[in-house]
Amino acid sequence: DVKVTQSSRYLVKRTGEKVFLECVQDMDHENMFWYRQDPGLGLRLIYFSYDVKMKEKGDIPEGYSVSREKKERFSLILESASTNQTSMYLCASSDPSGLTDTQYFGPGTRLTVL
Amino acid sequence: SQKIEQNSEALNIQEGKTATLTCNYTNYSPAYLQWYRQDPGRGPVFLLLIRENEKEKRKERLKVTFDTTLKQSLFHITASQPADSATYLCALATGGGNKLTFGTGTQLKVEL
Chain A
1 DVKVTQSSRY LVKRTGEKVF LECVQDMDHE NMFWYRQDPG LGLRLIYFSY
51 DVKMKEKGDI PEGYSVSREK KERFSLILES ASTNQTSMYL CASSDPSGLT
101 DTQYFGPGTR LTVL
Chain P
115 SQKIEQNSEA LNIQEGKTAT LTCNYTNYSP AYLQWYRQDP GRGPVFLLLI
165 RENEKEKRKE RLKVTFDTTL KQSLFHITAS QPADSATYLC ALATGGGNKL
215 TFGTGTQLKV EL
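From first to last, the protein sequence lines stand for chains A and P. Read left to right, the first sequence gives residues 1 to 114 (my numbering). Read left to right, the second sequence gives residues 115 to 226 (my numbering).
Treat the hints as calculated values from the structure; they're not laboratory data. All C-beta atoms, glycine included, are put in the ideal place defined by N, C-alpha and C. Heads up, a few of these hints could be off.
Simulated coverage check for chain P against chain A, where a stretch passes if three residues somewhere in it have a Cβ under 8 Å from a Cβ of chain A [said to hold, decoys possible]:
(1) 122 to 136
(2) 216 to 222
Pairwise CB distance ranges (calculated) [as the list claims (entries may be wrong)]:
(3) A/L114 x P/K173: 39 to 47 Å
(4) P/L125 x A/S80: 35 to 43 Å
(5) P/T183 x A/E22: 40 to 48 Å
(6) A/G63 x P/N138: 28 to 36 Å
(7) A/D26 x P/N141: 33 to 41 Å
(8) P/V159 x A/D51: 19 to 27 Å
(9) A/E79 x P/A193: 49 to 57 Å
(10) P/K131 x A/R14: 45 to 53 Å
(11) A/E22 x P/E174: 42 to 50 Å
(12) P/L226 x A/I60: 38 to 46 Å
(13) P/V159 x A/I60: 32 to 40 Å
(14) P/L226 x A/E22: 36 to 44 Å
Could you build the full structure based on these sequences and the hints that come with them?
Structure, rendered in structure tokens:
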């Protein structure tokens, strides 16, 4: 079974702090994704990566950056956290050779910015 | 603009009945559509995929239909159980690059 893990289930940070969210997958998937999920807005794509050191902006990249130094690990960085970044953050991975784009999600990190 | 719509109101049904959830989309021509289940505080879990040339797909108590003319998918859970209570999301492959766009989900509550 595919396993996607995220470094924290709950995180509380202060405005202006730099925040790192880590995601690791164990199935050798090329594609990895970061979403945020807010009530009424659903899942919104922040960034995705289709290979090591490759990244593309999603629908809402402002205020975020990402890093993918190894195939199994995809990090989301909030350079200077703000209260409007309080949200549930979900990481996912997929195998492009599978031809179905099925995504496997981690358990999520609920981030609160005070 | 491109849209994926799911009923935002929660669906409450009695145990044993069939639950039917709807996913409508506009301005897409997806090759397939996926359904995911999400429990509170958890990430979505893939359930079923249906391709554009398939009218219907079944998996145990789950059935999905896909009408590309109506631009609609229906997701059915037969003989529903309280354990089926969750939010159900539909997703389409959009924009290339193996990306998916998700609907906002419909919360299902199955009552005893």
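Hint-by-hint comparison with the structure:
1. Chain A is given as covering the region 122 to 136 of chain P, and this is violated because 1 residues of the stretch bring a CB closer than 8 Å to a CB of that chain, at least three being needed.
2. Closer than 8 Å: that is the beta-carbon criterion, and the region 216 to 222 of chain P has 4 residues meeting it against chain A, so the requirement of 3 holds.
3. Between A/L114 and P/K173 the beta carbons are some 44 Å apart, a value that agrees with the proposed interval 39 to 47 Å.
4. Distance hint for P/L125 and A/S80: a CB-CB separation of about 41 Å, consistent with the stated range 35 to 43 Å.
5. Our hint of 40 to 48 Å for P/T183 and A/E22 holds, since their Cβ atoms are close to 44 Å apart.
6. Between A/G63 and P/N138, the C-beta spacing of about 31 Å keeps the proposed range 28 to 36 Å intact.
7. At roughly 37 Å, the beta-carbon separation of A/D26 and P/N141 lies within the given 33 to 41 Å, and the hint holds.
8. A hinted range of 19 to 27 Å for the beta carbons of P/V159 and A/D51 is consistent with their spacing of about 26 Å.
9. Separation of A/E79 from P/A193 is about 50 Å and conforms to the stated range, judged on CB atoms against 49 to 57 Å.
10. At roughly 48 Å, the beta-carbon separation of P/K131 and A/R14 lies within the given 45 to 53 Å, and the hint holds.
11. Checking the proposed 42 to 50 Å range against A/E22 and P/E174 shows it is violated: the Cβ atoms sit about 35 Å from each other.
12. For the hinted restraint 38 to 46 Å between P/L226 and A/I60, the CB-CB distance of approximately 40 Å keeps it satisfied.
13. Hint check: P/V159 to A/I60, Cβ distance near 23 Å, so the stated range 32 to 40 Å is violated.
14. At about 41 Å, the beta-carbon gap between P/L226 and A/E22 stays in the expected band of 36 to 44 Å.
Hint compliance for this structure: hints 1, 11, 13 are not met, and every other hint is.
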